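Protein chains in written order, with UniProt numbering: chain H, 1 to 323; chain R, 1 to 323.
A hint or two may mislead.
[Stated by the list, open to error] Below are the DSS-like pairs computed for lysine-lysine, each with C-alpha atoms no more than 25 Å apart in a straight line:
(1) 293(H) with 293(R)
(2) 108(R) with 293(H)
(3) 108(H) with 293(R)
[As the list claims (entries may be wrong)] So the derived list for chain H, only partly shown, Cβ under 8 Å to chain R, looks like this:
(4) 41
(5) 117
(6) 130
(7) 261
(8) 262
(9) 264
(10) 279
The hints are simulated quantities; they were obtained by calculation from the structure and are not laboratory data. Values in this document were obtained by computation on a predicted structure and should not be read as measured data. Even glycine gets a Cβ: it sits at the ideal position worked out from N, Cα and C.
Number of protein chains: 2
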Amino acid sequence: MNIRIGIVGYGNLARGVEASVQLQPDMELVGVFSRRQGIETVSGVPTYSMEDIPNFKGKIDVMVLCGGSATDLIEQTPMVTKYFNCIDSFDTHARIPEHFANVDKVAKEAKTATLISCGWDPGMFSLQRVYAEAILPKGKSYTFWGRGVSQGHSDAIRRLEGVVDARQYTVPKEQYLEEIRNGQTPDVDGYKGHLRECYVVAAPDADKAKIENEIKTMENYFVGYETVVNFISQEELDRDHKGIPHGGFVLRSGESTDGTRHVIEYSLKLDSNPEFTGSALVAYARGIYRLAKHGGTGCYTVFDIPPAWISTQSAADLRAHSL
Amino acid sequence: MNIRIGIVGYGNLARGVEASVQLQPDMELVGVFSRRQGIETVSGVPTYSMEDIPNFKGKIDVMVLCGGSATDLIEQTPMVTKYFNCIDSFDTHARIPEHFANVDKVAKEAKTATLISCGWDPGMFSLQRVYAEAILPKGKSYTFWGRGVSQGHSDAIRRLEGVVDARQYTVPKEQYLEEIRNGQTPDVDGYKGHLRECYVVAAPDADKAKIENEIKTMENYFVGYETVVNFISQEELDRDHKGIPHGGFVLRSGESTDGTRHVIEYSLKLDSNPEFTGSALVAYARGIYRLAKHGGTGCYTVFDIPPAWISTQSAADLRAHSL
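Turn these sequences into a full structure, and let the hints guide you.
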C-alpha cells in the first residue's frame, strides 16, 4: 500500500512537496489543507479547510507541514501531531529545543511520530556536520550559504521608503572556501564569510544614496557584512532575478595524526530552494512513516532516522547497488 | 564506561584505527591481535595472538577488523563475530551479499552485531548515494575516485619485468566534474571518467617502451582507461610519491520539476587513505556498539545506523548545536 500524504499550507514549499510526491513510486497525495478557500492545486489534488484535518484520521499516514516557522509551525506541528505522524521544516534555530519539547509531549500522548526541522539547513547540512565531526573529532567545521536568495533580507529591503522591489543574494566568499579546501583552517564566521549582494528597484524620485545607507546600516540584517547595493530597473529584476535559487557548503577540515589532514566537503546548488526543501521533506516523510511502523512515538530529527528508511530500495538492493 | 576496542591485524589501516581511537573521548584500546609475533604498536597497546581472541570475551566491546577483503575479512569477520560485535571495511563489491549472509548467520546465532563494508567507499560515499537518490529520485548519480594512489594498480605494475618500483594514481577528469556541476548529465562511466597516471622506476637495462606497452595493455587494470606512464628515478619516487593520499567525489544531478535542476556534491580530499578509513571505522564502532546495546543482532551496514549513534554528543546537544 502506498504511503498516504497530506499537505498543510499551500505556498511555495507546499508546491515543492506536491511535485516531489508525484516522483515517488510508493506515495500518493490525499489532500491539501489550507486556511484559504477555493485554491486550485497544481496536481488537481482536492483541498480542504484546516478544520477538516481530524476527519482524515486513518486516511493519511504522514502530514507534511508547509507553513512558516515563526508563526505557523510552532502552533500547527503540535496541533496536527495530535492526529497524525508529521514532518516539518522548522528552522528558527533558537527555538528548536522548545518546539521539540512541545511536539514530543503531544506525540507521546497521541502515540504519533513527528520529525521536525527537515530540509537542507537544518536537514542535510546538519547530517553532514554530524557525520564529519564524528569521523574527524579533531578539526574545524564550516557552513557557508549561497549563492542564493534570502527571502527575509529581500523583504527587509522592500520595506524601506522609496524601494519598489528588491532581491538580496547571500554569496559565500570564494577565498575562504579555497583556503579550507587547501587544508587551512581560517578564522571565519558568518559575517566575514559572506557577501550580501542587493538588487534594488528604486522609485523614480527616490534618494538612492539614502536607500543604500539605510540598507548597509540595518541592524540584524546587514550590519557586520560586506554589502553591495545595485540599483536596477523593474524590467531587469523581473528578467534576471525571478528565481529562488539557493545552496551552500558544509566543510570540515581535520587531522587524524599530526599533520595528516583531511577535508570533507558537501555542497548543494539548487535552482529552487522550496522545491529542494520539499523533496527532502518527502523523502523523510517515508523515514518517519517507517519509524512509526517500527513503533516509534515522539519527536525526532534527521539524526534519528537510519538512512535506509528514506530509500525506496530494499535493504538487500541497497547493499547490492548503493554500498 | 568507555567503549573498549580491539584491533585485529596490524597494517596501515590498523594503525589508522589505533590513532583515531586516541582522539575519541569515550573509547579505549584494549589490544591488537595479530598473526605476527613481537609487534611494537605505535601507542604501546599490548599485542596478542589471534588464538587469544576468544579469551577477551567480556573485556572488549567492539573488534575492528583491519585485514584485507580478499583473503582475511571473508574468513575473519564471521570468525570473530562468534565472540564479539565487529566492524570491517570489506570492499570486494561483488561478494558483499555473500559476506553479509555469512556474517548475519553467525551474528544471529551468537547474538552479536557486526557492521560490514565501512570506510569511505564503501561507507561515506554509499551514504551520500542513498541520501541523494532518495531526495532526487529523478536524476543521475556519479562517483569519481581520486586523485589518489591505487595500491592494487601500483602492485600490478611492480610485478612487471624490469620494474623496480611504481606508484599509480587514479585521477578524475575535471571536464566531467564541471559538466555535472553545471547541471549537465554527461554519459560517463568509470573508464571514461578517470585518467590512470603511472610513475615507474625501471631497472637500468630495462626496455621502457615494452614496460609502457605492458602497462597500457594490462587486462582488468588499464585496458579501457586513458593511461599515462612516466619513468622517474627511485629518488624522485621516494621524494614525491611516498604518501597514500586519496579521495573522490559523489555527485547527483536531478530535477524536481521540468527544468528545475539541483546538484548535490560530496567530496573527500584525504592525506592518508588508511587513516581516514580507520577514522570512519572507529566512529561506526560507536554506532554498532549502540545498536547492540539497543538489542540489535545480526549483520548491518552504514545504512542501518541512525546518524546520532556515531556521535559523542547527546541527542539534545545535537539538536541544539548541529541541527
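Cross-check of the supplied hints:
Between residue 293(H) and residue 293(R), the direct Cα distance comes to roughly 21 Å. Compliance with the 25 Å bound is thereby established for this hinted pair. Distance hint between residue 108(R) and residue 293(H) is fulfilled; the C-alpha atoms sit about 23 Å from each other, no more than 25 Å. For a cut-off of 25 Å, the pair hint linking residue 108(H) to residue 293(R) stands: about 23 Å separates their Cα positions. A cut of 8 Å between beta carbons decides the hint on residue 41(H): the least distance to chain R is about 14 Å, and the hint is violated.
Using the Cβ-Cβ criterion of 8 Å, the hint placing residue 117(H) at the interface with chain R is satisfied: the shortest such distance is roughly 5 Å. Nearest Cβ of chain R to the Cβ of residue 130(H): about 5 Å, under the 8 Å cut. The hint holds. For residue 261(H), the suggested interface contact is upheld, since its CB lies about 5 Å from the closest CB of chain R, less than 8 Å. For residue 262(H), the interface hint holds, the least distance from its beta-carbon to any beta-carbon of chain R being 5 Å, beneath 8 Å.
Using the Cβ-Cβ criterion of 8 Å, the hint placing residue 264(H) at the interface with chain R is satisfied: the shortest such distance is roughly 6 Å. Because the beta carbon of residue 279(H) sits about 5 Å from the nearest beta carbon in chain R, less than 8 Å, this interface hint is met.
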